[in-house]
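Sequence order for the protein chains is A and B.
Every letter in the first sequence is one number past the one before it in our numbering, and letter 54, counting from 1, is 54.
Every letter in the second sequence is one number past the one before it in our numbering, and letter 52, counting from 1, is 52.
The reader is advised that the hints may include incorrect statements.
Computed cross-link-like contacts, DSS-like style, restricted to lysine-lysine with a CA-CA straight-line distance of at most 25 Å [as the list claims (entries may be wrong)]:
1. 55(B) <-> 14(B)
2. 3(A) <-> 41(B)
3. 38(A) <-> 55(B)
Simulated DEER-style distance windows between Cβ atoms [stated by the list, open to error]:
4. 46(A) <-> 51(B): 22 to 30 Å
5. 18(A) <-> 14(B): 47 to 55 Å
6. 83(B) <-> 46(A): 17 to 25 Å
7. 83(B) <-> 67(A): 21 to 29 Å
8. 102(B) <-> 69(A): 19 to 27 Å
9. 16(B) <-> 52(A): 41 to 49 Å
10. 52(A) <-> 27(B): 19 to 27 Å
11. 1(A) <-> 72(B): 28 to 36 Å
12. 15(B) <-> 16(A): 47 to 55 Å
13. 26(B) <-> 18(A): 34 to 42 Å
14. 87(B) <-> 55(A): 37 to 45 Å
15. 18(A) <-> 72(B): 44 to 52 Å
Calculated directly from the structure, the hints in this document are not laboratory data.
Beta carbons: idealized from backbone N, C-alpha and C, even for Gly.
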Amino acid sequence: AQKVTQAQTEISVVEKEDVTLDCVYETRDTTYYLFWYKQPPSGELVFLIRRNSFDEQNEISGRYSWNFQKSTSSFNFTITASQVVDSAVYFCALSEAGANNLFFGTGTRLTVIP
Amino acid sequence: GAVVSQHPSWVICKSGTSVKIECRSLDFQATTMFWYRQFPKQSLMLMATSNEGSKATYEQGVEKDKFLINHASLTLSTLTVTSAHPEDSSFYICSARRTEGTEAFFGQGTRLTVV
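With these hints in hand, go ahead and build the complete structure from the sequences.
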C-alpha cells in the first residue's frame with residue numbers, strides 16, 4: 001500500500017531563514033512519481049515539482065530545492081531565505097504507475113514570520 | 001502551468017437542495033479528472049476519479065448517489081451534491097491531468113456551506 005508521511009505538522013521560521021520540509025513515502029512499485037504542492041490561504045493547490053522514481057537528481061529552482069533519496073524513501077523540500085509569501089500548507093504526494101490518483105500526505109503548515 | 005477553472009468558488013445552500021460544481025481544463029485535454037474533499041486543517045481526501053465518457057470510480061465510503069460526477073468531455077467534469085446536508089459543508093477541489101504520471105493541476109476549490 002502506498003503511504004506519504006509528513007511528520008512536521010506546523011513549522012514557524014523567521015524571514016530569511018532556511019527551512020526544510022520532510023516527506024517520507026512508502027510504495028511497493030518500482031515506478032512511481034513524487035510531487036510537491038503549495039496551498040496558500042486562498043485554497044488553490046499550486047504545483048511545484050514532479051519527480052519520477054528513476055531520476056534521483058536533486059533539483060533547484062530559485063529558492064526552492066528538492067532532495068530525493070530512494071535509499072531512505074524521502075523527498076525533502078528546502079526553501080532558502082524564506083519569505084512571508086512562502087507561508088502556506090505544503091503537501092507531498094505520491095502516484096504509482098498504473099494508478100490514477102495522487103495520494104497526499106497530511107501537509108505541513110509553514111509560517112514565515114516577518 | 002496548465003489552467004484548471006473551478007466554479008463556483010463558494011456557495012451557500014439550504015439543506016435538502018442540490019449544488020453543482022464545475023471543473024474545466026482551459027488549455028489542455030484532461031483524460032482524467034479527480035474530485036477531492038478537504039476538511040479544515042486536513043489533507044485532501046480523494047472522493048472519485050472520472051475518465052471522459054465513462055462512469056466515475058468512487059473511493060470507499062463515498063456515496064455515489066449523493067455525489068454525482070459527470071465527465072462529459074475532455075475539458076469538463078461536474079460534481080453534484082444532491083440533497084445537501086450541513087455535514088456536506090466542506091472545501092471541494094477538482095484536479096485534471098493529461099495522462100498518467102503527469103502532474104495534476106488543481107482548480108481554485110469550492111467552499112460549500114449548507115445551512
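| said: Assuming the hint says 28 to 36 Å, is it satisfied by the Cβ distance from residue 1(A) to residue 72(B) or not? | reply: Holds, since residue 1(A) and residue 72(B) (Cβ atoms, about 33 Å apart) stay within the stated range.
| Using the C-beta atoms of residue 87(B) and residue 55(A), is the stated range 37 to 45 Å upheld? | holds (43 Å)
| Are residue 55(B) and residue 14(B) close enough, with their CA atoms no more than 25 Å apart? | This hinted pair is violated, its Cα atoms lying about 28 Å apart.
| task | Evaluate the given range 34 to 42 Å for the C-beta pair formed by residue 26(B) and residue 18(A). | result | At roughly 36 Å between Cβ atoms, residue 18(A) and residue 26(B) fall inside 34 to 42 Å, so the hint holds.
| Has the hinted range 41 to 49 Å been met by the Cβ atoms of residue 16(B) and residue 52(A)? | With a Cβ separation near 47 Å, residue 16(B) and residue 52(A) satisfy 41 to 49 Å, so the hint holds.
| request: State, for the Cβ atoms of residue 83(B) and residue 67(A), whether the hinted interval 21 to 29 Å holds or is violated. | output: violated (48 Å)
| message | Can you tell me whether the CB distance of residue 18(A) to residue 72(B) sits inside 44 to 52 Å? | response | Given a distance of about 47 Å, which is inside 44 to 52 Å, the answer is holds.
| task | Given the hint that residue 38(A) pairs with residue 55(B), test it: the Cα-Cα distance must not exceed 25 Å. | result | Since the Cα atoms of residue 38(A) and residue 55(B) sit roughly 30 Å apart, the hinted pair is violated (cutoff 25 Å).
| Satisfaction of hint between residue 41(B) and residue 3(A), Cα-Cα up to 25 Å | holds (19 Å)
| Is the gap between the beta carbons of residue 15(B) and residue 16(A) within 47 to 55 Å? | holds (49 Å)
| said: Looking only at beta-carbon atoms, does the pair residue 102(B), residue 69(A) fall within the given range of 19 to 27 Å? | reply: holds (23 Å)
| field | Range hint compliance [Cβ, residue 52(A) to residue 27(B), 19 to 27 Å] | value | Between residue 52(A) and residue 27(B), where Cβ atoms are some 24 Å apart, the hint holds.
Checked against the numbered hints given earlier, the structure breaks hints 1, 3, 6, 7 and satisfies all the rest.
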